[in-house]
Amino acid sequence: MSEAQEFNEKDLIRGAKRGNNRDFGKLYDQFLPQIYRFVYLKVMNRQDAEDICHHVFMSAWTNMRNYRDIGYSFSTWLYRIARNAVIDFYRTKKVNVELASVEDVLSDGVDLASQLGATLATERVLAALPRLTEEQRDIIIMRFVEELDPGEIAEIMEKNTGAVRVLQHRAVHSLKKILSEDSDQTHTV
Amino acid sequence: MDEHKILENLKQLSHISPRDEFRQGLKRTLLATTALPEAPLVRRRIFGIEIFPLVPLATAAVLVLTVVLSLNTGPEAQVFAGLNNEEILSELVSSSDINISLNEFSSYNDADQKINVALKEASRYGTGR
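As they're listed, the protein sequences go chains E and P.
Per the numbering used here, the first sequence starts with residue 1, numbered consecutively.
Per the numbering used here, the second sequence starts with residue 1001, numbered consecutively.
Keep in mind that the hints are not guaranteed to be accurate.
[As the list claims (entries may be wrong)] Label pairs and their calculated CB-CB ranges: (1) HIS169/E x ARG1019/P: 33 to 39 Å; (2) ASP88/E x LEU1071/P: 54 to 60 Å; (3) HIS54/E x ALA1060/P: 45 to 51 Å; (4) LEU1063/P x ASP29/E: 37 to 43 Å; (5) LEU1031/P x LYS10/E: 57 to 63 Å; (6) ALA1058/P x THR62/E: 28 to 34 Å; (7) HIS54/E x LEU1063/P: 47 to 53 Å; (8) GLU134/E x LEU1031/P: 32 to 38 Å; (9) TYR90/E x LEU1063/P: 48 to 54 Å.
These aren't lab readings, by the way, just hints derived from the structure by calculation.
Even for Gly, the Cβ is constructed at its ideal location relative to N, Cα and C.
Just need the whole structure built from these sequences, with the hints factored in.
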């Protein structure tokens, strides 16, 4: 994030803390896509992801005055709210994992027809994600989908950077193992 | 699938985005909801416990008052003023109003006695005539 962007974000946060809903609206525009992706890849259901995102942003807005700039970014705060919301979702609702087709969830901007091979492979990766542990899935999404740096992931997960690197290594190893097992089964059949 | 391919496919997932209707609908809901502005009394943390700034001030004021009161009066004198009848009576006796009334009473009493004596003498002289 550039210095100008960071300054702007701080201004928006200050405004939102004073109750300025337009400033919060701009923060929402900026952070909704990544929070939505994170939540979607955790629950694998569009309706549930929308419900959880609704809860996350409503909760952030109504608790905006409690947000303190104490070293970590606004997005870290949102990710933390989202992680807790997903945990609550799993606690309170019997989860029915729906593996939506990639075409349904990828944005319209991607030319899926020309990337059919890539899409099938992506679908396999998408199907493998729920078989990882919660922490491994968090790491994979934040590190390789959102491309957050290990320091920010450590803040979100309230762990140290070393622990995040170890988790990341294990998560990639597990994902590779799951995909190779799937591949072996496909070849056997 | 090798690691490079896996990471490439994971990157593809970054194209997942929320529906426009959902994005706009939630924004409208958020903009229509009033969030409470930042509290005027900013809470502070002491040893990890959040407290309002007026609490230590009030506690300090109570402590100072307690110390001042305990220095001015001994423990034996720390009784409720309204229940101390002796003190109330001594205050009444020493008050100037009641002293004035008593002085007036004694002077009236003297005058009555003098009038009685004069009337007796007058009646005695009157009968002797």
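Check each numbered hint against the structure and report the violated ones by number, ascending. 4, 5
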